[in-house]
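Enquirer: Next come the chains, spelled out residue by residue.
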Amino acid sequence: GALVYQYPRRTICKSGTSMRMECQAVGFQATSVAWYRQSPQKTFELIALSTVNSAIKYEQNFTQEKFPISHPNLSFSSMTVLNAYLEDRGLYLCGARTGRNSDYTFGSGTRLLVI
Amino acid sequence: AQSVDQPDAHVTLSEGASLELRCSYSYSAAPYLFWYVQYPGQSLQFLLKYITGDTVVKGTKGFEAEFRKSNSSFNLKKSPAHWSDSAKYFCALEGTGANTGKLTFGHGTILRVHP
Chain A
23 GALVYQYPRR
33 TICKSGTSMR
43 MECQAVGFQA
53 TSVAWYRQSP
63 QKTFELIALS
73 TVNSAIKYEQ
83 NFTQEKFPIS
93 HPNLSFSSMT
103 VLNAYLEDRG
113 LYLCGARTGR
123 NSDYTFGSGT
133 RLLVI
Chain B
170 AQSVDQPDAH
180 VTLSEGASLE
190 LRCSYSYSAA
200 PYLFWYVQYP
210 GQSLQFLLKY
220 ITGDTVVKGT
230 KGFEAEFRKS
240 NSSFNLKKSP
250 AHWSDSAKYF
260 CALEGTGANT
270 GKLTFGHGTI
280 LRVHP
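These protein sequence lines are chains A and B, in that order.
Add 22 to a position in the first sequence, counting from 1, and you land on the number used in the numbering used here.
Add 169 to a position in the second sequence, counting from 1, and you land on the number used in the numbering used here.
Treat each hint with caution, since some may be false.
[To be verified] Below, in silico cross-link-like pairs of lysine-lysine (DSSO-like), each with a Cα-Cα straight-line distance of 27 Å or less: (1) K218(B) with K79(A); (2) K218(B) with K64(A); (3) K64(A) with K230(B); (4) K218(B) with K238(B); (5) K246(B) with K64(A).
These are calculated hints, taken from the structure and not from any lab test.
Next up, chain B with everything else stripped away, as it sits in the complex (with noise of 0.2 Å):
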């Protein structure tokens, strides 16, 4: 089975501050990490992932994460954060074999900016 945990239903703090939004995963195998945003009533967008290689990966709007093998963590980093990047978070997995092409997501994390 494949579980994503984001410990955080909510986490607020000011602009210009550093933003990191806590996601841990279980899965038996090496699994492909994801986050998506959601902005209010919008669907969502894809910010990074996670496949193999370099565990630092950037993505957009001057995001990134950091997979952590040991402690089976995918935590996603801003600095300095800004007003605008208020929404909700999702950490996904993707599994692989008969889990291939399956997205499970955490129950997500809502972020406040405060301006």
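For reference, chain A alone in the conformation it holds in the complex (with noise of 0.2 Å):
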């Protein structure tokens, strides 16, 4: 079956420094990753998109200064979380699919606390 890694679970970083996630297809070769953050009470915002043959897209209010992503296959993704301060915090969701008619299959996040 269709799966996707996230790693790690669970991480904590002191303000101002730098958290890198990873995230891995498994099972199916992804056309387009998807990253989410979930802030407390809040909903899932979209981080950016990055689809294969296409330059990674970021959504008002991200940036790639901020959230680097590194997509160098279909199948693995990362991103870095720069100089993260406590409004960082939140879960972290990767989506991945295969094609515009499947459905976004999700990691269960990365969980990141800022102190």
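Given two chains presented individually in distinct reference frames, assemble the corresponding complex, making use of the accompanying hints.
Expert: Shown next as structure tokens:
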């Protein structure tokens, strides 16, 4: 079956430091990978969408300078939260799918705590 | 712009009752609509989707939803509800064109089903 693994599941970083998280699609070749953030008591906000043969597109309020993403192949994506501060805490979710007519499979998320 | 509204932050009912979680959307074209469920401490799980065709769609765990273009709604239903349905439910919309692949989520509805 199609699975998406995210690593780490939970992490704590000191304010002002950076933290890298990984996302891997297993059992399928992802043509789209989307990164979301669920801040405490909020909904899921799209950070960026990576689609094969296209540049990574960041949503308003999220920048490449703050959330650089590496997507070297169809199965692996990593995102770094640079200079993390309190407002960056939350659950970071990675979703991947094989095409327009397939559904996103989401990973378990990486929960980021900033102290 | 695309948006999703889930007007009820909390819904509480007794096991055996019928549940209906409300969702309305705003989008200029024909949307793809989804329902996801998030159990405490877990990631998102896909329940069902509407793309086109039959306006009543059935999904996993005994859920169904009805797409009503007339009032831009996509309410989630299940009867009877079970205590294990207690979770947070998210309605989501995927647009077309430049918004393909981008899911916009509502703020979610926390459902509590008392045994």
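Enquirer: Can you confirm whether the C-alpha distance between K64(A) and K230(B) stays at or below 27 Å?
Expert: Holds, at roughly 25 Å.
Enquirer: Hey, K218(B) versus K64(A), does the alpha-carbon distance stay inside 27 Å?
Expert: 22 Å, holds
Enquirer: Are K218(B) and K238(B) close enough, with their CA atoms no more than 27 Å apart?
Expert: 15 Å, holds
Enquirer: Decide if the proposed pair is consistent with the structure: K246(B) and K64(A), CA atoms, cutoff 27 Å inclusive.
Expert: 23 Å, holds
Enquirer: Taken at face value, is the distance from the CA of K79(A) to the CA of K218(B) at most 27 Å?
Expert: 25 Å, holds
Of the numbered hints given earlier, the model fails none.
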